[in-house]
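Take the sequences, apply the hints, and build the full model.
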Amino acid sequence: MIRKLMKKPEIGVITSLIIVFALFGVMSKGAFLSIGVLKTVFAVSVELGIVAIGVTHVLVAAEIDLSVGSVYGFSALMFAKMYKMLSPGLAAIVVLVLGMGIGFANGYIRVKTRVPSLIVTLGSMMTLRGIIYFVTGGFTQSVKASFFTKILGSDILDPLWLILVAFIFTVVLTRTPFGNRLLATGGNIETARTLGVKVDKIRVIAFMISSTLASLAGLISISRLRVASATHGELMELEAIAAAVMGGTLLTGGYGSVVGSTMGAILIASLRSGLLLSGAPSYWYVAFLGIILVVASIINLTVVRKLMSSS
Amino acid sequence: MKGIRKKFGAVVALDGVDFDVGHGEVVGLVGDNGAGKSTLVKILTGVYQPDEGEILLDGKKVAFESPTEARNAGIEAVHQYGGVVDTLDIARNFFIGREIVKKWGPFKFLDLKKMREESLKMVKKVGIQLRSEDALAATLSGGQRQAISIGRAMYFKARLVILDEPTNHLSIKEVDTVLDFVREIKKQGTSVIFVTHNIYHVYDVADRLVVLDRAKKIAEFMKAEITPEDVIDTIRYGTVSRKSLRRE
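Keeping their order, the protein sequence lines are chains R and S. Mapping the first sequence onto our numbering, position 113 (from 1) lands on 293, and the numbers just tick up by one. Mapping the second sequence onto our numbering, position 232 (from 1) lands on 233, and the numbers just tick up by one.
It is worth saying that the hints were derived from the structure and are not from the lab. Please read all numbers here as calculations on a predicted model, not as lab measurements. Be a bit skeptical, because a hint or two may be false.
Subject to a maximum C-alpha distance of 27 Å in a straight line, what follows is the list of computed DSS-like cross-link-like pairs (lysine-lysine) [to be verified]: (1) S:188 with R:381; (2) R:381 with S:43; (3) R:292 with S:43; (4) S:125 with S:103; (5) S:188 with S:61; (6) S:158 with R:378; (7) S:62 with R:378; (8) R:381 with S:104; (9) S:187 with R:378; (10) R:330 with R:261; (11) S:3 with R:486; (12) R:188 with R:486; (13) S:104 with R:292; (14) S:61 with S:109; (15) S:109 with R:378; (16) R:292 with R:188; (17) S:109 with S:188; (18) R:378 with S:114; (19) R:188 with S:114; (20) R:378 with S:126; (21) S:174 with R:378; (22) S:217 with R:378; (23) S:62 with S:109; (24) R:486 with S:125; (25) S:103 with S:114; (26) S:122 with S:62; (27) S:109 with R:381; (28) S:224 with S:125; (29) S:224 with S:174; (30) R:378 with S:224; (31) S:43 with S:158; (32) S:158 with S:188; (33) S:115 with S:125; (34) R:188 with S:188.
Chain R regions said to be covered by chain S (calculated; three or more residues, Cβ under 8 Å) [claimed, not checked]: (35) 204–216; (36) 363–370.
Heads up, incomplete: computed chain R residues facing chain S, CB under 10 Å, no partners named [as the list claims (entries may be wrong)]: (37) 314; (38) 316; (39) 320; (40) 356.
Heads up, the beta-carbon is just placed ideally off N, CA and C, and yes, glycines get one too.
Take a look at the structure:
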């Protein structure tokens with residue numbers, strides 16, 4: 181049983197998670213493991229986790245989506261802007277549809293023009309951020325509390341949102357024909373194409389999943405915090421991709437783990453809070469993030485290499 | 002196939018090629034690099050569409066706009082690198098694009114158990130030994146990967162199997178397995194097109210040999226009237242060579 185567990189690529193992130201929790205528990209003299217702290221950690225994990233799960237699908241397709249941080253921020257801020265004009269429910273639906281549309285645009289441009297996704301999503305990332313600054317004028321936006329924000333932003337329900345999204349997309353990736361074809365497209369696009377897989381359609385859907393989930397996460401974040409600055413979501417794309425890679429998803433495509441990405445997100449969220457609590461200077465966070473990313477990835481890649489070797 | 006023409010920009014890949022293969026017949030398609038063999042194969046498998054000419058299946062005119070259409074018509078191709086995705090296991094590889102599903106209301110889920118059973122059954126039938134049944138394709142040898150492609154063609158009851166340089170990266174035993182497979186499906190009435198550089202391998206199993214050179218068909222031999230060396234000379238010199246007959 182242990183042997184089987186050791187073979188799973190997610191082992192790297194699980195190990196790191198245990199170590200980090202133990203380390204911070206000790207360093208903060210137990211404060212890290214208090215309810216208040218864990219609540220914040222999980223809150224951040226939910227949002228980052230949902231974005232990471234979305235990005236995982238794009239990475240599996242051997243593409244990349246750098247626009248998720250901007251979509252996240254854009255969604256939160258658009259929601260705030262529309263909140264005053266439309267009912268919260270309607271505003272949320274419009275925002276999600278916009279998210280889907282951005283994903284469609286990313287995917288469509290990628291497959292039709294064949295410009296690498298790195299460039300396409302870098303472009304949409306910057307364009308969206310520009311639109312954010314334009315629409316908000318650089319000012320922080322806020323929303324009033326309402327039934328809707330209580331559902332999306334509640335401390336108790338938010339983890340359930342993450343679990344729901346994680347469950348749905350684990351099934352999608354591992355147990356559906358779409359998931360198999362997504363894995364095939366990322367693993368060997370030419371083989372998939374000759375075998376009749378509609379690789380263009382599959383990739384567009386992957387980008388749509390990524391953007392829509394980023395949108396959802398943005399909605400959850402503003403429901404919880406009820407304020408968002410114009411910089412909301414900046415650098416989040418890097419954290420999301422780091423979370424996915426830590427969790428075992430291959431940057432080269434063909435393999436990805438929703439569970440792994442979720443754990444990666446929890447790890448990153450814990451890191452942020454844990455360092456804060458331990459009184460470490462806040463810039464240590466980025467350094468530690470880099471170190472953990474490399475260490476967890478080395479562990480995961482070693483496991484994957486073992487799985488792929490002929491010995 | 003009649004009068005097939007295909008151009009890529011200024012490059013003429015096929016210039017009025019006629020080609021046919023009958024039920025239970027094995028035709029070797031040979032020729033030097035750039036002769037047009039792989040373009041012909043890609044037209045048959047629906048990857049390319051011919052600029053001119055027609056394709057007839059059992060006398061009826063057909064046109065393949067996509068690989069899926071070709072496969073639905075019963076044409077399967079086995080490519081030299083196995084046509085296999087490294088990061089997936091055998092079962093998933095076997096059914097890419099044609100997954101076995103279980104329905105649950107409006108949702109379709111993979112029937113992984115059945116996929117595993119059927120794929121392993123077929124692969125074993127082709128005669129390959131596996132060290133681990135759940136292994137990822139990356140761990141398999143050239144012959145084992147070939148077996149997945151071959152098993153796939155058998156499972157989906159192909160009427161025409163196109164083998165594209167199938168013996169290139171195989172060991173001696175693995176080559177024997179492939180040639181045995183060709184003899185076996187020939188007995189079952191399947192048509193086979195065997196594309197290769199290795200005249201000796203294809204000569205063993207072919208009924209007829211077609212030689213392409215610079216976008217045209219320059220020779221067609223029945224096995225009985227020729228030796229492998231004649232075929233090699235034909236390719237080498239670009240003209241039909243029948244030294245063996247001259248000796249008589």
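Task: Restraint status (C-alpha distance of residue 61 (chain S) to residue 109 (chain S) at most 27 Å) - done: Roughly 35 Å between the alpha carbons, so the hint for residue 61 (chain S) and residue 109 (chain S) is violated.
- [ ] Please work out if residue 62 (chain S) and residue 378 (chain R) have their alpha carbons no farther apart than 27 Å.
- [x] Satisfied, since the Cα-Cα distance of roughly 26 Å is no more than 27 Å.
Open item on the list: Hint check: residue 122 (chain S) vs residue 62 (chain S), CA-CA at most 27 Å. Holds or violated?
Closed with: Not OK: residue 122 (chain S) and residue 62 (chain S) at ~35 Å, beyond 27 Å, violated.
Open item on the list: Next pair to validate is residue 125 (chain S) with residue 103 (chain S); report whether the Cα-Cα distance is within 27 Å.
Closed with: holds (25 Å)
Task: residue 104 (chain S) paired with residue 292 (chain R) [C-alpha distance capped at 27 Å] - done: Given that 27 Å is the threshold and the Cα spacing comes to 33 Å, the pair is violated.
Open item on the list: Given the hinted pair residue 224 (chain S) and residue 125 (chain S), is their Cα-Cα distance within 27 Å?
Closed with: Between residue 224 (chain S) and residue 125 (chain S) the Cα gap is close to 31 Å, so the pair fails against 27 Å, i.e. violated.
Open item on the list: Run the distance test for residue 292 (chain R) versus residue 43 (chain S): straight-line Cα separation, threshold 27 Å.
Closed with: holds (22 Å)
Open item on the list: For a C-alpha distance cap of 27 Å, please report whether residue 378 (chain R) and residue 224 (chain S) respect it.
Closed with: Between residue 378 (chain R) and residue 224 (chain S) the Cα gap is close to 41 Å, so the pair fails against 27 Å, i.e. violated.
Task: Given hint residue 109 (chain S) paired with residue 62 (chain S) - CA-CA distance at most 27 Å - done: Given pair residue 62 (chain S), residue 109 (chain S) is violated - Cα atoms ~35 Å apart, limit 27 Å.
- [ ] Given the hint that residue 3 (chain S) pairs with residue 486 (chain R), test it: the Cα-Cα distance must not exceed 27 Å.
- [x] Measuring from Cα to Cα gives roughly 50 Å; hence the hint is violated.
- [ ] Can you take a look at whether the region 204–216 of chain R is actually covered by chain S? Rule is 3+ residues, C-beta closer than 8 Å.
- [x] violated (count 0)
Task: Hint consistency between residue 224 (chain S) and residue 174 (chain S) [alpha-carbon to alpha-carbon, up to 27 Å] - done: holds (24 Å)
Hint compliance for this structure: hints 1, 9, 11, 13, 14, 16, 17, 20, 21, 22, 23, 26, 28, 30, 34, 35, 37, 38 and 39 are not met, and every other hint is.
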